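Participant: Now for the letters of each chain:
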Amino acid sequence: MAHNKRPPQNVIAGRFLLPLRDSTGGEPFTLDVDFEIPGHGVTGIFGPSGSGKTTLLRCIAGLQPCENASLLVNGTCWQSPDSRDSRLAVHRRPLGYVFQQPSLFPHLTAEGNLSFARKRAAQTVTDQEFDEIVALMGIAPLLSQRPDALSGGEQQRVAIARALLVKPELLLMDEPLAALDQARKREILPYLEKLHRSLDIPILYVSHSIEEIARLADHLLLLENGRIQCAGAATELLSRTDFPVQVGDDLGVLLGAEVMDRNPEWNLMRARFGGGELWLRDSGESVGEQLRVRILARDVSLTLEEDQQSSILNRLPMCVDEVSADSDPAMVLVRLRPRNITGSEKHSCVIARITRRSSHLLELEKGTAVWAQIKSVAIVR
Amino acid sequence: MLGESDLTAIWLTLKLAGTVTLLLLILGTPLAYWLANTQSRWKGPVSAVVTLPLVLPPTVLGFYLLIFMGPAGPMGKLTESLGLGTLPFTFAGLVFASLLYSMPFVVQPIQNAIEAQGRRHAEVAATLRAGPWDRFWHITLPLAKPGIVTATVLGFAHTVGEFGVILMIGGNIPGETRVVSVQIYDHVEALEYARAHWLSAAMLVFSFTVLLALYTLQRRHAALRWRYGP
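Chains as they are written, first to last, in our numbering: chain B, 1 to 381; chain G, 1 to 230.
The hints are simulated quantities; they were obtained by calculation from the structure and are not laboratory data.
In this text the structure is predicted, and so the values were computed from the model without any measurement.
Treat each hint with caution, since some may be false.
Cβ-Cβ distance ranges computed for the label pairs, FRET-style [said to hold, decoys possible]:
(1) N37(G) with D32(B): 26 to 32 angstroms
(2) D181(B) with K15(G): 53 to 59 angstroms
(3) E322(B) with R120(G): 43 to 49 angstroms
(4) P19(B) with L22(G): 44 to 50 angstroms
(5) R120(G) with L88(B): 17 to 23 angstroms
(6) L22(G) with Q229(B): 55 to 61 angstroms
(7) N37(G) with C230(B): 37 to 43 angstroms
(8) G75(B) with V95(G): 57 to 63 angstroms
(9) A140(B) with R120(G): 22 to 28 angstroms
(10) S198(B) with R120(G): 24 to 30 angstroms
(11) L22(G) with L88(B): 36 to 42 angstroms
(12) K119(B) with V95(G): 37 to 43 angstroms
(13) A140(B) with Y215(G): 39 to 45 angstroms
We put the CB at the ideal spot given by N, CA and C, even for glycine.
Full structure from sequences and hints, please.
Facilitator: Structure below.
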């Protein structure tokens, strides 16, 4: 490097400028990104179809040649525009890549696919490590099978294990669930969460599904038209009313919560978050466990008085922070914050999506005290 | 029944076809790989040259080869200066001519098989730390196996059935250049129809068996179905 500064250790910094001529005759597309993300945890790369998510991931992997680019991964230079020699070939980059389509080698069994990776790993993979990864993905019974005998979900689990067996320093996942149906997605998501919890590898996770991102991502990179719209912590970005990427009905907030007590009589539990307490369905978590819950804006309604006669369990006293326009002219988005909390204090907010007419009739404005009735809370993690 | 000269011709034919097929697999596979992957502007011209023997009358190919390998041709001068004499009317000359003549039957199935794989598997292998050679040996070639089998069978069978080119450059020397197809021609010329019958029937059964085996094999690899005209 020209300057003597030591490159930052725990960060992934990249800059890519890549004009692409579209061979299918569509609009020309330019990927123009400059980002710096934490070198740990899961970073979701989120954006609509055609926003350049996959292209960005391929650039990072080196599968897509990009001359005008620099990439620094946790202190190692993978690519720099200063000299062509500094561009590492794909097979020299310490990465694992999971493709959108399950792409096991068809001429090898599942085990053959795993061995292919294991033999080429950066460091020796011990039998114990091999068994651990196989157990993590739950594929032990599948090892002797050929890929065409496996379901899409099983193939993808083998493919993820295969990517892990090269001992990557960075795991790239390109919509690993997109080619699967809803049932298969539900089958794989828990494995991805386990992966997140048990491995200390930074993961870049491309998706256009806000649900997957909400569930998995710690950080977020929002891409639109080949440019980065914003970047930051997932909980923070996903709780903004002006979320820069159009998500429509899926707009909501992502909250961290802690289990306070379990209530076996009703199969419920109570959890505390930065804005109050919530009743949740008891899904077996222990007291004190950290949860991530998601409240969709469309599931929140507002009343001026507490409605004691309601079937809705979660009624929170809050006050209006901001009323803003929605993409739908009939609707508005109301951001709420807990009462008794001054502006500067750290707190969580909730967003309600209600009709503009209701907002007008209730005379909502900044500071109005309301009760937020939350019809459903999803535990995403 | 088959006479001794017939058996000599059959042995010579099998030796020629075996040698040519082996050499073509060694030379044709890298060429097919290059054709399947290149963006070069030479792809068109090279493909055309490789495919030329499919449409060119064998006599035309044989005629030019005769000139090319003869004492006045560039290859003839080269082989003479190396003290090898000239190639026409020798077994080596037949091998050289057959290489060109059967080239498309070997290159095209392999090229098709490699193209049908797409780039994905090679890309996946690269992300699993496999370098270019590693990918070629352990991914591209094994996945192209059905194409390589087809190429082997077609290359062999097509060389066995060669006649025009051999007559032009090889003539009719027993044990050196007189292959089965030429032997049959000789029998008919000499009005020895019974002997011509035996040899022809043997060729017919051989060709049918080979093609039957090939199509049975291809049914198992439906994605690589390969049809060839005469």
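Participant: All hints, please: hold or fail.
Facilitator: Comparing the hints with the structure gives:
no.: 1; hint: N37(G) with D32(B): 26 to 32 angstroms; verdict: 30 angstroms, holds
no.: 2; hint: D181(B) with K15(G): 53 to 59 angstroms; verdict: 58 angstroms, holds
no.: 3; hint: E322(B) with R120(G): 43 to 49 angstroms; verdict: 47 angstroms, holds
no.: 4; hint: P19(B) with L22(G): 44 to 50 angstroms; verdict: 48 angstroms, holds
no.: 5; hint: R120(G) with L88(B): 17 to 23 angstroms; verdict: 21 angstroms, holds
no.: 6; hint: L22(G) with Q229(B): 55 to 61 angstroms; verdict: 60 angstroms, holds
no.: 7; hint: N37(G) with C230(B): 37 to 43 angstroms; verdict: 40 angstroms, holds
no.: 8; hint: G75(B) with V95(G): 57 to 63 angstroms; verdict: 59 angstroms, holds
no.: 9; hint: A140(B) with R120(G): 22 to 28 angstroms; verdict: 27 angstroms, holds
no.: 10; hint: S198(B) with R120(G): 24 to 30 angstroms; verdict: 29 angstroms, holds
no.: 11; hint: L22(G) with L88(B): 36 to 42 angstroms; verdict: 39 angstroms, holds
no.: 12; hint: K119(B) with V95(G): 37 to 43 angstroms; verdict: 40 angstroms, holds
no.: 13; hint: A140(B) with Y215(G): 39 to 45 angstroms; verdict: 40 angstroms, holds
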